[in-house]
Amino acid sequence: MGARLVVSIEKGGIEICNVYFHWSANTLDAYREMQKLTDIIETSEKTDPVLAIIYGLAKNGGGLTPEDEEFAKRRWPDEDIPIAKNRNEGLVAVSAEQIAYSERWAEGTSTIYLDNHTCINQLYNYYDSWQEMKLVYQLNDYDWQKDWDEAHFSNFSMVKWLGKPVPWAHLDDAISEIDDSLEYRNESGNLFFFEEC
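Oh and the sequence shown: position 141 is 126 in the working numbering, straight run, nothing missing.
Treat the hints as calculated values from the structure; they're not laboratory data. Among the clues, some could well be false.
[As the list claims (entries may be wrong)] No more than 20 angstroms apart at the CA atoms, straight line, and that leaves these computed lysine to aspartate or glutamate pairs for EDC-like: (1) Lys149 x Asp164; (2) Lys145 x Asp157; (3) Lys119 x Asp100; (4) Lys58 x Glu82; (5) Lys31 x Glu82; (6) Lys145 x Asp65; (7) Lys131 x Glu82; (8) Lys145 x Asp113; (9) Lys149 x Glu30; (10) Lys145 x Asp128; (11) Lys31 x Asp14; (12) Lys70 x Glu54; (13) Lys119 x Asp164; (14) Lys145 x Asp132; (15) Lys149 x Glu135; (16) Lys70 x Glu117.
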């Protein structure tokens, strides 16, 4: 099946393309794929961010989804658009039809915002507090461990960025704060858990 991540690229509140990754729908890999895409956008000679992403991903076997080849020929008649050879390296959808198709397959999503150079990772499990988590467990008849109390949850790794827009310049920080753990908390007492689809 895979762990299908779709990263939306937005400009002016409009999704201008999205990128499908077949094995990246987990909390950490979603950040890594967004970092790869933002690095491509920032370092590419192409001024069109969609073309930058397509050409950048093509270096490792990604590129335009084959279903959008004719659409791309009409949109960029002077470009020789590389078609993806490996869905693990990113399939870029550019037509409304293929963007919607990619989204239907997503098991996890994240978004890159071109206007303010931020991105948000939407791949995590979340509770407002440990008390809310306990209530959910009780209502669903899940096992609640005896040592799961306030002290237990206060030992979770502290995170700043998970669940919030991350400036591109701080993606390394967002990655490093979740790299060594599967359980996190923020200053407000919210609890986050690594999610893998």
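Here is what the structure says about each hint:
1. Lys149 x Asp164: Roughly 17 angstroms between the alpha carbons, so the hint for Lys149 and Asp164 holds.
2. Lys145 x Asp157: holds (12 angstroms)
3. Lys119 x Asp100: violated (39 angstroms)
4. Lys58 x Glu82: holds (16 angstroms)
5. Lys31 x Glu82: violated (24 angstroms)
6. Lys145 x Asp65: This hinted pair is violated, its Cα atoms lying about 42 angstroms apart.
7. Lys131 x Glu82: violated (50 angstroms)
8. Lys145 x Asp113: holds (15 angstroms)
9. Lys149 x Glu30: violated (30 angstroms)
10. Lys145 x Asp128: Judged against 20 angstroms, a Cα distance of about 29 angstroms means the pair is violated.
11. Lys31 x Asp14: Distance ~25 angstroms between Lys31 and Asp14 Cα, so the pair is violated.
12. Lys70 x Glu54: holds (13 angstroms)
13. Lys119 x Asp164: Between Lys119 and Asp164 the Cα gap is close to 26 angstroms, so the pair fails against 20 angstroms, i.e. violated.
14. Lys145 x Asp132: violated (26 angstroms)
15. Lys149 x Glu135: violated (24 angstroms)
16. Lys70 x Glu117: Violated, because 45 angstroms separates the two Cα atoms, which is more than 20 angstroms.
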